[in-house]
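Going down the list, the sequences are from chains A and B.
Position 91, counted from 1, in the first sequence is what our numbering calls 134; the numbers after and before it change by one each time, with no gaps.
Position 590, counted from 1, in the second sequence is what our numbering calls 603; the numbers after and before it change by one each time, with no gaps.
In case anyone wonders, no lab produced these hints; they're calculated from the structure.
You may find that some hints are simply not true.
Below, simulated PhoX-like cross-link-like pairs (lysine-lysine); rule was C-alpha separation at most 25 Å, straight line [stated by the list, open to error]:
#1 B:Lys38 - B:Lys146
#2 B:Lys956 - B:Lys911
#3 B:Lys508 - B:Lys394
#4 B:Lys177 - A:Lys62
#5 B:Lys177 - A:Lys48
#6 B:Lys653 - B:Lys907
#7 B:Lys881 - B:Lys653
#8 B:Lys119 - B:Lys146
#9 A:Lys48 - B:Lys956
#10 A:Lys62 - B:Lys283
#11 B:Lys38 - B:Lys92
#12 B:Lys687 - B:Lys881
#13 B:Lys527 - A:Lys48
#14 B:Lys140 - A:Lys145
#15 B:Lys653 - B:Lys527
#16 B:Lys773 - B:Lys836
#17 B:Lys38 - B:Lys177
#18 B:Lys907 - B:Lys836
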Amino acid sequence: MHDLKPLTPLGAHAPRVDKIGPVTLTEIVSVALASVAARLGAEEATREALSDLLGAAAPAPSRHGGGTLSALWTGPDQWMVEAPIDSHEDLARRLSEELGAKASVTEQTDAWCRFDLTGDALPRVMERLCAADVGQWQGGEVQRTTIDHLGCFVVCRDPQHLSVIGPRSSAGSLHHALLAACRSVF
Amino acid sequence: MTGKTRLSGGLIDRSKPMSFTFDGKRYSGFEGDTLASALLANGVRLMGRSFKYHRPRGPMTAGSEEPNAIVELRDGARKEPNTRATTAELFDGLTATSQNRWPSLKWDALAVNDMLSPFFAAGFYYKTFMWPKAFWEKLYEPMIRKAAGLGSLSHDPDPDCYDKGFLHCDLLIIGAGPAGLAAALTAGESGARVILADEDFLLGGRLNAETGLLADQTGAGWAAETVARLRAMPNVRVMARSTVIGAFDHGIYGMVERVSDHLAQPAPGKPRQVLWRIYSRRAILAAGATERPIVFENNDRPGIMLASAMRSYANRWAVTPGQSVAIFTNNDDGHRTATDLHAKGVKVTVIDTRPDAGVTPDYQILSGAHVIDTAGRLGLKQVDVMQSNGETRTLLVDGLGVSGGWNPNVHMTCHQRGRPQWDEALAAFVPGGTMPTGLIPAGAANGVFSTHGALSSGQTAATQALNDLGINAAAPDLPQAEDAPVRIVPFWHVKGARRAWVDQQNDVTAKDVKLAHQENFVSVEHLKRYTTLGMATDQGKTSNIAGLAIMAEVAGKQIPEVGTTMFRPPYTPTAMGVLAGRSRDADFRPVRKTPSHYWAEEQGAVFVEVGMWLRAQWFPKPGETHWRESVDREVLQTRKSVGVCDCTTLGKIDVQGSDAAAFLNKVYANGFAKLAVGKTRYGLMLREDGIAMDDGTAARLAEDHFVVTTTTANAVPVYRHMEFVRQVLFPDMDVQLISTTEAWAQYAVAGPNSRKLLQKIVDPEFDISNEGFPFMACGEITVCGGLRARLFRISFSGELAFEIAVPSRYGDALMRRLMDEGKEFDVTPYGTEALSVMRIEKGHAAGNELNGTTTANNLGMGRMVSKKKDSIGSTLSERPGLNEEDALKLVGFKPVNKDNRVPAGAHLMTKGSPVDAAHDQGYVTSACYSPNLGCHIGIGYLKSGDTRLGEVVRLVSPLTGVDHDVEVVSAHFVDPEGERLRA
């Protein structure tokens, strides 16, 4: 076991939590990520294999779902798989073994930062950040969009729980934008 | 003075008095007042000076179309010039100042311009300030700007913040007057997602200014009740203080919500304004109509206003516009003002241009009469009337309401070049032509002027929109309301008037319009630009039609033959701050931080912006007073022992798939198909046109798995290019791409001791000796007891060097570990400056050399472009023009005199040849001081440079005064044989 200490995307040893009115903004570092892209001609096979791993149908466009392992749709025949980092730190390797030559798997855990917003009236915060029509979301949606000039995924776990997944190197700017939007509203 | 002109009633809250100042004098008003209504209530009519002639002016309107009552609001950094007193919502402590006057509003020295008006006719400055030419910029223009002005800026940064946001709806309703409210009620009860927006802080539009009943309720009462009903509907968003400023493509509208303008300052963290982008499926334009004035002699005195504005001030704000008032009208609507004012006890006389204006027992009506002049320097005192019998009569009045008819607010229908159409019966332009997709005009904005008409037209428009969207439309009961027909006889201006204002904000007179015609500026667009008619911040809302009418008359044409001018966004003036939103100062754009950023900060690193990245430029040590000392030390220490540099910013693209190698063979000019697993290769990418695009390396981690690196600057363009190639050019290839730039913290470890340092952290089962891990090897390893990592034996510095990558979250810890373990080697971190010095010393190309004009041939890499395969750009790289005999070649330069610099950008000339563009031999692209060579060096492009080694050429930079000799040398100043990096 190595002895290197990780830093959070915001540059600390513990994730940051902010409470603004009824909203809690939490930096999430407990999730491993890996991208899965079907190989040419293996689209259906990848979808089936992914469905088996998720215990649910491989998400359709603009959707996410699953169980311990969950996935969000990122493009035609492409998904980002999420799993608890404590049990799946080597998620990419495990997926690669499971999927074999059906799909290309790439480790993405540290390519992204993730901030979760929980609480009521989240659409009022999100409408100051991106063009996604979050007010209509019921849970299970995902949208690639631009927040503060940054390409991000917004995932609706349920209407009181959203995840914003953005580029890790700009975690500070993204967090600042999210915090400013929360303070604008509450 | 409060109460002097205040009437009873109105929609102000007398339990909430508010104190404010205007030009330093303290007044009071009530919640619900605007600055204009509060000033009028205090007997203040003079609120500004005009643009050009400095004429005393008061409010002409009671809304956002106001051309005259323009003031500066607030003070200090929050000072906001050019704000309409007629829309500025009163708050306790408001500070307002008049503008464009000196020394005071009442005694304005520049009012002399009014006396000199014959010299200031339209186009005067084009004619007057022609000579001498040089005086225009330095003298005339500043002088004119100072004299003819609007407000002044504070020159301090705006302390407030502004948001931008996005809204979505089935139906956007622009305007909350009777038409908008009826539409909102219909759509709201139908379950559609509705946004109802109005620029006013009190919704209801004209209903709040009229005395007519809706069934048994007042208009204001019905509006308030309806708004409350709408607010209770979860599918309806009611937005007051929200101006829709523009109609854009695909049902998108821009809207400014003034969140905090009615407060002394925004609450902490709250924005002053929000710029909303509204995505609508349908929109209803219920923006109402604007009354228009009649043009007559001296029609601009304080006290002269639109008749409907008088009604607004009296009914909504309980302010009488005068103790004795005349109404000058050509239509029935003027009589409404007379009736309402009479009912409030004001003495009224009506001057109606129509010969059959009728009689009433309540006040005198002068039929077939018109105003021929007015008097009162700082405020109206009398009106001279020409009666139908040819006799003149003087009315001693302190208020004159003018009604020339109503113009539908068609602005939004023009934003995509829809041309309004002339309606003869209304004597006005109504919406027409190609309107923004999905926009339906309703109510007065569509030329339906009665309250009943507005209500039913709003409902019809909503029903149409809902039907379009497949939503069943509800049909809520609407109240009975007045349904008076429009009775108007067009009367635009009083003939013979000389100093009669058409555009009061830009001081354009009837005489100016005639002059434009006389000087052949007859096109409506030329009229506008020559006279500046309609070019002020009000976009000619109260002036355009009169200007057209006068032009039509002198040209002997009908108004629609003259044309109309178009309106552009924004509908009303919009603050620059809200257009910028949060993107200003430190938040102008996001910052990207490298994995070692926090560690580098602790070391006191000096950072440089590289795109959005912040990179350590050098790491000063105590005692170093100049950046060169730090950089020279970092370079020398790295070449002597070992240095570490964060190179995470280089783009990393994961390329997988059974066709990954074939794919790279297409995007790189050189061959990749045969690259062995566990090896890295330098690659050059060309654009389609054969010009070099980017260089980097590709490491083959498995048969079907490569990691491509790009330069920092081209990380995104290269990824985009590769996705284009994958998706569009070769969709049949089995290849998948994803960026992993941010996923891995990557450090260059360079110098003769780099292997020894790495051996201390690389887990012992991995052999990184020269034999086990030779130059250009790559592999997946573990470090520090099991952390997965990637190791590449590549070198940008020219030294024995590696690049090591670990998951980004461990980047900080790895850097600290390398520094700890490297102490015995006197390891140094190095920044981008030392990186650059070492690559110039080694003659490696970078962004300066890959500058979008250079080819592989120029770079001395012509032979890398494989002839054995087809790759992007290879064919066009063979164009003769790119392969001429004397083509530019990348070489190095050393000064003949060691003390001289070799500045980048300087040009090269053959000794003895003239110094001009025709004899140009090339230019220096990158330069630095080389601590290893002890002199400045440069690399750059020289014609046939590869055959001119040893020649002395002239280095010339007329811009910086450089002119000295340099020797042409190999670009590889350090270790030209490459022994070090293979050691």
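Taking the hints in turn, this is what the structure says about them:
no., hint, result
1, B:Lys38 - B:Lys146, "violated, 45 Å"
2, B:Lys956 - B:Lys911, "holds, 24 Å"
3, B:Lys508 - B:Lys394, "holds, 22 Å"
4, B:Lys177 - A:Lys62, "holds, 22 Å"
5, B:Lys177 - A:Lys48, "violated, 39 Å"
6, B:Lys653 - B:Lys907, "holds, 23 Å"
7, B:Lys881 - B:Lys653, "violated, 42 Å"
8, B:Lys119 - B:Lys146, "violated, 36 Å"
9, A:Lys48 - B:Lys956, "violated, 54 Å"
10, A:Lys62 - B:Lys283, "holds, 16 Å"
11, B:Lys38 - B:Lys92, "holds, 17 Å"
12, B:Lys687 - B:Lys881, "holds, 13 Å"
13, B:Lys527 - A:Lys48, "violated, 81 Å"
14, B:Lys140 - A:Lys145, "violated, 78 Å"
15, B:Lys653 - B:Lys527, "violated, 84 Å"
16, B:Lys773 - B:Lys836, "holds, 12 Å"
17, B:Lys38 - B:Lys177, "violated, 37 Å"
18, B:Lys907 - B:Lys836, "violated, 35 Å"
Of the numbered hints stated above, those contradicted by the structure are hints 1, 5, 7, 8, 9, 13, 14, 15, 17 and 18, listed in ascending order.
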